Amino acid sequence: MKERIISFCRLTLYELRKAFGTVWMAVFLAVLLLANGWRLYDSYHQEVAKWEDYPQVYQECYAYLSGSITTDKINSLMSVYGPLQERFPNLSREYDPNAYTYSEEDDYFFFWELFYEPIYYDYLYQNHAVQITTQARELAALYQELGNSYDAARNEILAQDFAGRWVPSFGDTRHYEVLLNYDFSSMLVLVLCLFALCGVFVTEKETGMYMLHRTTRLGGPATVGAKFAASAFFSIAVSVLFFTQDFLTLHLLGQRWEALSDPVYVLWQLEYTPLRMSLGMAFLTLGAVKTLGVLCCCCFFLLVSCLVKRVLSSFMVSMALLFGAVAAQNLGGVGYPGKWCNPMELVIARELFTQDDFVNLFGHPVRYFLTMILGVILTAAVVCLVILYRNRSTRAGLLEGRRRHVSV
Amino acid sequence: MEVRFEGLSKKYRGKYALKNFSATLENGVYGLLGTNGAGKTTLLNLFMGILKPDGGEIYIDNENIRSLGTDFLSRIGYLPQYPQFYRDFTVAEFMDYMCVLKDIPRQYTKPRIRGLLHRVNLDEAAGKKVGALSGGMRQRLGIAQAMLSNPGILILDEPTAGLDPRERIRFRNLISSFAEDRIVILATHIVPDIEFIASQILLLHEGVLLKQGSPKALTDELTGKVWALELDTPDVPRDLIHHTISNMAREGEGIRLRILSDTKPHPEAQAVTANLEEVFLYHCGEEAM
Numbered sequence: 001m002k003e004r005i006i007s008f009c010r011l012t013l014y015e016l017r018k019a020f021g022t023v024w025m026a027v028f029l030a031v032l033l034l035a036n037g038w039r040l041y042d043s044y045h046q047e048v049a050k051w052e053d054y055p056q057v058y059q060e061c062y063a064y065l066s067g068s069i070t071t072d073k074i075n076s077l078m079s080v081y082g083p084l085q086e087r088f089p090n091l092s093r094e095y096d097p098n099a100y101t102y103s104e105e106d107d108y109f110f111f112w113e114l115f116y117e118p119i120y121y122d123y124l125y126q127n128h129a130v131q132i133t134t135q136a137r138e139l140a141a142l143y144q145e146l147g148n149s150y151d152a153a154r155n156e157i158l159a160q161d162f163a164g165r166w167v168p169s170f171g172d173t174r175h176y177e178v179l180l181n182y183d184f185s186s187m188l189v190l191v192l193c194l195f196a197l198c199g200v201f202v203t204e205k206e207t208g209m210y211m212l213h214r215t216t217r218l219g220g221p222a223t224v225g226a227k228f229a230a231s232a233f234f235s236i237a238v239s240v241l242f243f244t245q246d247f248l249t250l251h252l253l254g255q256r257w258e259a260l261s262d263p264v265y266v267l268w269q270l271e272y273t274p275l276r277m278s279l280g281m282a283f284l285t286l287g288a289v290k291t292l293g294v295l296c297c298c299c300f301f302l303l304v305s306c307l308v309k310r311v312l313s314s315f316m317v318s319m320a321l322l323f324g325a326v327a328a329q330n331l332g333g334v335g336y337p338g339k340w341c342n343p344m345e346l347v348i349a350r351e352l353f354t355q356d357d358f359v360n361l362f363g364h365p366v367r368y369f370l371t372m373i374l375g376v377i378l379t380a381a382v383v384c385l386v387i388l389y390r391n392r393s394t395r396a397g398l399l400e401g402r403r404r405h406v407s408v
Numbered sequence: 001m002e003v004r005f006e007g008l009s010k011k012y013r014g015k016y017a018l019k020n021f022s023a024t025l026e027n028g029v030y031g032l033l034g035t036n037g038a039g040k041t042t043l044l045n046l047f048m049g050i051l052k053p054d055g056g057e058i059y060i061d062n063e064n065i066r067s068l069g070t071d072f073l074s075r076i077g078y079l080p081q082y083p084q085f086y087r088d089f090t091v092a093e094f095m096d097y098m099c100v101l102k103d104i105p106r107q108y109t110k111p112r113i114r115g116l117l118h119r120v121n122l123d124e125a126a127g128k129k130v131g132a133l134s135g136g137m138r139q140r141l142g143i144a145q146a147m148l149s150n151p152g153i154l155i156l157d158e159p160t161a162g163l164d165p166r167e168r169i170r171f172r173n174l175i176s177s178f179a180e181d182r183i184v185i186l187a188t189h190i191v192p193d194i195e196f197i198a199s200q201i202l203l204l205h206e207g208v209l210l211k212q213g214s215p216k217a218l219t220d221e222l223t224g225k226v227w228a229l230e231l232d233t234p235d236v237p238r239d240l241i242h243h244t245i246s247n248m249a250r251e252g253e254g255i256r257l258r259i260l261s262d263t264k265p266h267p268e269a270q271a272v273t274a275n276l277e278e279v280f281l282y283h284c285g286e287e288a289m
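From first to last, the protein sequence lines are chains A and B.
The numbers in our numbering rise by one with no breaks, and the one at position 213 of the first sequence is 213.
The numbers in our numbering rise by one with no breaks, and the one at position 50 of the second sequence is 50.
By construction, these hints were calculated from the structure, which means they are not laboratory data.
In this text, all values refer to a predicted model and were calculated from it rather than measured experimentally.
Don't take each hint at face value.
Claimed, not checked - Derived pair list, reagent style DSS-like, types lysine-lysine, alpha-carbon separation capped at 27 Å: (1) B:K211 <-> B:K19; (2) A:K205 <-> B:K52; (3) B:K52 <-> B:K110; (4) B:K128 <-> A:K205; (5) A:K205 <-> B:K11; (6) B:K52 <-> A:K309; (7) A:K205 <-> A:K309.
Said to hold, decoys possible - Simulated coverage check for chain A against chain B, where a stretch passes if three residues somewhere in it have a Cβ under 8 Å from a Cβ of chain B: (8) 39-47; (9) 212-222.
C-beta atoms are modelled at their ideal positions from N, C-alpha and C, and glycine is treated no differently.
Can you build the whole structure from these sequences, using the hints too?
Put into structure tokens, the structure is as follows:
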């Protein structure tokens, strides 16, 4: 048994070496990492560029206003922002030496965008959550009375979700918003996986090695298994590498970590999220779901590689499939046929978690994101079975022969 | 070791690629000779379990290969037609990979790889990429990998295709050196590949085994059917063009012909000893030309 495991590990290492251990792959990976780094820098600066000229003012205000939201802090903010708000939109655009920024109007937008609006959102979130909880409980009771058990259960879950939600402190989350909306790295990971995986099976046909595989003891299911393992390892490793790069680069650019321990709904886009965890945990979860989506996409790439006869055809067909999946995800909106089979729904993971939606599964409310994850995993499992069947069925003689006697 | 084929058949789209093939092979080199599409590769693929037969059985030492399971695979070494292998692998890496595929215990892999690379004269190329090898070197690597599990049966499918004459001779000698105490099946349509090394020839045509015998026995069968003729004219006379001409060489103003004919084709024709190419030509007809 130990020898079997060692043989399988060695096969997997060779599969990794064959498909991914080339100079071209290393160069391509390095180029994509650089491109991702540049794009992260650009995205971050597009988000914060407007106020980049006033780092000192921002530092001073942030040092005072960040952390627990207290009445004193709100009063201090309102003592500066309140008069500006009252006079808006009649604020001067001329240079004012007494202004915190360039002019009175700039001051208004500076405080509104960087402090007033986020603190206002954080401060009022608790009230908002209480309202939702109360309404959900009332609706649950009403539906219960009406005998609508599905909607009653759905509202009960909603009430439980929003009960006790509050944002205890204010922290800079601009870089986390960039991170949440950043999809470029996912696309790069998919392109890299497409490039690497399109040849996994088809190369054996092009090199004539499939004939040798079929005449060796471990050239059948063990090699297919090793190909799966190597492809999964590669796609997970690449996903982790790129998603970690996103996370670390934006932290290095943002220079602030404190909001990581805040609840996930501190980001306004995740106001209604079903997740109940810290922002740090939420990003880990999003990363895991994205990686799962990438893995499922890779299953399709492997299927294509298994079905065609040329690497180029495999690359083109896989690329077309990828574009189709991206287009369906982008243009499809909430409902389109085959949504539950589209791994891109997991790759663009944030959209699964922005709404606390449910799906009626045999009369039970099941969270939308869970059904999506389950649907895509099932699809990938079916694809893997087809690949296994395909590789098994081509070993027609010897293996099938043992099961089915051929008479003269 | 003994391999026995009994009534092996395979059809593609209703047409027989191999029909009722029966033969018994014992240790030695077997030349599987036939035109393209004669059924050579089909026979090999049936033997190795890549294809499922429509009928017939194969036995190794009186044991049906179906009952041998994957153990059967460790008894055969195979060199496919036009192997490319993995261009990015080094020779040593490729051999090690093949050891993993053949499930050879790790403690035996290094000495076996070293020994085989030495035998096929590739020990100095161990660190070279497979993509950088010449055609002949790649074929030698192919036979080395086929020998990794020290198989009782060595199957070579068109092993000399695309090799230059020097490499072809070198490869033939290599096959002979590996042929001791095992069955070597060498499928080819190039007669000189097997003429001097095969102990038995299996002549396949359109899926049917036409002849089996030693090269000498097969050539002896054509005694009185191969004729040599020297003529002073530059062209083949009209009355000879209906005969099968196995060779035509110009000499000055005249020509020298070798003719296959059951009867004396020309008054000046001399009966000569047939060669294997003529046996092939005689049995497979114009298609073999």
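Each hint tested on the structure:
{"no.": "1", "hint": "B:K211 <-> B:K19", "in the structure": "holds (14 Å)"}
{"no.": "2", "hint": "A:K205 <-> B:K52", "in the structure": "holds (19 Å)"}
{"no.": "3", "hint": "B:K52 <-> B:K110", "in the structure": "violated (35 Å)"}
{"no.": "4", "hint": "B:K128 <-> A:K205", "in the structure": "holds (23 Å)"}
{"no.": "5", "hint": "A:K205 <-> B:K11", "in the structure": "holds (23 Å)"}
{"no.": "6", "hint": "B:K52 <-> A:K309", "in the structure": "holds (22 Å)"}
{"no.": "7", "hint": "A:K205 <-> A:K309", "in the structure": "holds (7 Å)"}
{"no.": "8", "hint": "39-47", "in the structure": "violated (count 0)"}
{"no.": "9", "hint": "212-222", "in the structure": "holds (count 8)"}
In terms of the numbered hints stated before, the structure departs from hints 3, 8, listed from lowest to highest.
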